[in-house]
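Turn these sequences into a full structure, and let the hints steer you where they fit.
Here the protein sequences line up with chains V and X, keeping their order. Those letters in the first sequence? Residues 1001 to 1207, by the working numbering. Those letters in the second sequence? Residues 4 to 87, by the working numbering.
Read the hints as simulated data drawn from the structure, not as lab findings. Where a beta carbon is used, it is the ideal one built from N, C-alpha and C, also for glycine. Hints are not guaranteed to be accurate.
Claimed, not checked - Far from chain X by the CB rule (all over 10 Å, computed), these chain V residues:
| # | residue |
| --- | --- |
| 1 | Thr1111 |
| 2 | Val1115 |
| 3 | Pro1121 |
| 4 | Asn1124 |
| 5 | Arg1133 |
| 6 | Gly1172 |
| 7 | Gly1194 |
What the hints assert, rightly or not - Here are some of the chain X residues that sit facing chain V, going by a computed Cβ distance under 8 Å:
| # | residue |
| --- | --- |
| 8 | Val27 |
| 9 | Leu38 |
| 10 | Asn43 |
| 11 | Ser50 |
| 12 | Val53 |
| 13 | Gly57 |
| 14 | Ser60 |
| 15 | Cys63 |
| 16 | Ala68 |
Okay, here's what each chain looks like letter by letter:
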Amino acid sequence: MTDVDPRIDSPGREGLTGTARSSVYEPVAVGERISIPPDGRPESAQPAWRGDFPIDWPADHYVARRDFTRFLVLTSLAFTVGQWWIAFQQWWRERRGRPPLKRIAALSDLTPGAVLVFSYPGENDPCFLVRQRDGGLLAYGQKCTHLSCAVIPDPEQGLIRCPCHEGLFDLGSGRPLAGPPPRPLPRVVLEVRGGEVYATGIEERTV
Amino acid sequence: MAAPARGFTREQRTTIVYGILGFVVVLVVLQLWLLTATMNAFLGGDSAVVWPAGLASTACLALNAGLLLYLRRLEQAAARASTR
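Right under this line is the structure:
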């Protein structure tokens, strides 16, 4: 190596920045091999990692597509885990059973057009109740079905608005009218007993 | 499916990996669609699709893993052939 001119593109080491002669990397085209590894040993004697970082383009094309396939199979595993996570949540929901009966308010406290916010069935499940002008009662979950922002009822216009992304729901049915929400708001089933308003269940819907 | 004892050439294996990649891409897109549709149904209170979708997704995963295993066997056969 002492007789090698260290300057780049000097005769014998064109394009190289190290101290090896360019002839070390000369194409040999033996079988499937085009280049020989720097240590000159046969392919079978090379460490395993060299197979994943090939020198030649055809080998690199193969490795790149094989590794992308591996990554996609890993993605497939992640999707399957997600699918079974939903199944577990479904099992848990069935196990919990129906939500309990809960008193919301006295009917006499709800004037026509009034809106009352309450939690049902859990403390972290905000809902709202609307007393309509005709005396009817409506109650929905307050989390927007898009990204769970708190929706705001507008009894005067018969609408429910989501301020985050301009989602719009129909107050009478809870169904989405405009914007990104994909599903209706969950409806809280109400019952009036002896002048008291009770929540007795949640009705989730896809359409 | 058994790999040939003599092993495929790299060019042949590249063609095979392209075919397998095509299958895997289609199956993964199908799984993504299944996951979003199931999530929407679950959040809407519809439980009918949850278990069948879980089984379908598992079948897709099994198919993908089988294809990857086949690719691994091809490589092993090629490595054995090159050491002979």
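Status of the hints after comparison with the structure:
no.	hint	in the structure
1	Thr1111	32 Å, holds
2	Val1115	24 Å, holds
3	Pro1121	14 Å, holds
4	Asn1124	16 Å, holds
5	Arg1133	30 Å, holds
6	Gly1172	19 Å, holds
7	Gly1194	30 Å, holds
8	Val27	5 Å, holds
9	Leu38	5 Å, holds
10	Asn43	6 Å, holds
11	Ser50	5 Å, holds
12	Val53	5 Å, holds
13	Gly57	5 Å, holds
14	Ser60	4 Å, holds
15	Cys63	6 Å, holds
16	Ala68	6 Å, holds
Consistency note: the structure conflicts with none of the earlier hints.
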